[in-house]
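Participant: Take a look at the letters that make up each chain.
Number of protein chains: 2
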Amino acid sequence: MRIKNLNLLNFKNYEEESLEFSDGVNILTGNNGSGKTNLLDAIHFLSMSKSAFHSSDNQSLKRGESFFSVFGTFNKNNTDYLISTLFQAGKKIFQADKKNYDKITDHIGRFPLILVTPYDTDLIREGSEERRKFFDSLFSQIDKNYLLSLIRYNHFLKQRNSLLKQFAEKRYTDFDLLESYDEPILEEGFKIFSWRKNLIKEFLPLFNNTYDLLTHRKENVSLTHQSDVADPEFKITYKNAIQKDLILERTTKGIHKDDYQFLIEGQSIKSTGSQGQQKSYVLALKLASYHLLSKYSHTKPLLLLDDIFDKLDEERIISLLKMIDGDDFGQILITEAKLERSMEYFKNIKKQIRIFNISKGKILSIQNV
Amino acid sequence: MRIKNLNLLNFKNYEEESLEFSDGVNILTGNNGSGKTNLLDAIHFLSMSKSAFHSSDNQSLKRGESFFSVFGTFNKNNTDYLISTLFQAGKKIFQADKKNYDKITDHIGRFPLILVTPYDTDLIREGSEERRKFFDSLFSQIDKNYLLSLIRYNHFLKQRNSLLKQFAEKRYTDFDLLESYDEPILEEGFKIFSWRKNLIKEFLPLFNNTYDLLTHRKENVSLTHQSDVADPEFKITYKNAIQKDLILERTTKGIHKDDYQFLIEGQSIKSTGSQGQQKSYVLALKLASYHLLSKYSHTKPLLLLDDIFDKLDEERIISLLKMIDGDDFGQILITEAKLERSMEYFKNIKKQIRIFNISKGKILSIQNV
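Top to bottom, those sequences are chains G and S. The first sequence maps to residues 1 to 369 in UniProt numbering. The second sequence maps to residues 1 to 369 in UniProt numbering.
Don't take every hint at face value.
Any copy, or any two copies together, can satisfy a pair, since identical chains are not distinguished.
Stated by the list, open to error - Straight-line Cα separation of at most 30 Å, BS3-like style, residue types lysine-lysine; simulated pairs:
1) 144 with 133
2) 322 with 338
3) 165 with 322
4) 165 with 244
5) 350 with 158
6) 158 with 92
7) 270 with 362
8) 257 with 218
9) 244 with 218
10) 218 with 360
11) 360 with 270
12) 235 with 197
13) 257 with 50
14) 170 with 338
15) 62 with 218
16) 158 with 244
17) 360 with 338
It should be emphasised that the hints constitute simulated quantities derived from the structure, not laboratory data.
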């Protein structure tokens, strides 16, 4: 799939702007603060129905304005789809071909996309929630049932946790009521665990392969999925935790505590990896996601690369560009502040290149190379 | 001041290595994971008695080894000082000229240093604690009494908080005992508030000036210090908060809740600044710190620049190099993975340049340019 055009009104630092993209490589260049990343975020908005950087839609509103609108055309299997979003008075309308979705979850995964950003190293540096979110988002794009299962699980978990809180406040526990949540929580939990286990198994060789290509097999990396539910006796562990749950006023065992361990040479990459190794690791995670998503969605997702040259040495940059220039990857969008200096890297690319020169939320010029 | 030489044994990825630095600009180059940043961290260790990146000394130990040692010679006002540290069996010995310090706090600020790292944007992205830590570390290097006051304040605060916890557990409150901590907490708090207020006042014009030089006055930036203690009625507010303190089991009002607000064009830079603007902002914070520290320590601190080219556009990079090449700055150490491509930037530098080529914890070659 690919994005043919993009139209912005009052989105972030853009007042009004329209872009037509090349099917090959699109390079967005301009000084700091010009609005390069904002364009990638607008495309992310159309694909995922939300910003990649802000949880509140309000933060995508241009300063002093009361509404924003983003629309664009995705092409998938030779069919055009007009996707549009309008945000006004705190409310968002999201449409495909001018029709509202019954549920916005129906949109997720239809127009798959992988965004690589400088914030990706948060996956290594931050807590387990970041890593769960990353894989949950990937698996949700692969299988809508995963997303629905996750929504149900979180719904039941929230209910059970608020019961635990109420019981602590009232110093009274209704065990029957509490247990009525156990069955759906366990059922959805087992399903989600098994999805995660199988998808990680499929993900790992893609990841290893990508890391090796990127670094010429410099380091040995790995990745493990850790879950309470892996224990065959998990049902008993879960039931036995009820006293602890009552004291801590939350459900202590289950797939909502899963983590993924990121390893380099058998050690935690968080404590032993250099900045460049961490950057390579998360880049390989993202590109492996691309391959997995590509397989399941039967289309080449969009690849959005924000500031890829940061912290990677020349060897890794050249490997990266060679990789994405290959047939496994389709349309690509790249932001780069120092284009003049990196044109040497790009000049060997076979795909068609279109360069957008940006300044203060305006496209100054477009150039086909 | 400057660092003349550095010697490492089992420090991070270095088995054994010695370096002699140039008084001008030292460039550490090499591929991802070679150990460029680790050399800066070793110097940070000698200046601040700890790593800039890890809270535990254990994490600086080379894999499989049982001890590490770092030593080097600082020169300040034409006098050499041999600073050394040995870490073994969980214990650290820290010496100046082969003598242990009575208190390690006596070392802080003696050999001032400013380290610019890619993690600096945490100052913008993370919570108030990061910002307090940044300014506390700067002010502690400027005035040892600030550090001692802060240690006393935190000591009394910890005692009071643990009392609040005990009272909640025992469902009994000894108000007299609790109040005995109020006087020292208030006294140290007022002192710290007044230091922060005055030093921020002095810091602000240095910061504005640096940001303007870096960006050619592209944006209007500012910075405010926010404190409960700014309220002239603070003593009353503090005393009145006791019921809230007892419920939340911690001291809710005081200078330990201070924050610093970072603004661009009058808005929070966290929500409205681009990655490049945020990078420029924290870079200006660091360079302004350099100037303030320089004034109070009557010496030019070491300037360590880790991966400075990330996310800055060409204009800002050229401004930065022009700035640090001037007489206000002394010895400089820079890490750069893509040296070949950035030599164009360096070739205009007037200061003497020494290039260290690093691979896997070894200096492969040294070149004077």
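Participant: What hint numbers does the structure not satisfy?
Facilitator: 3, 5, 8, 9 and 14
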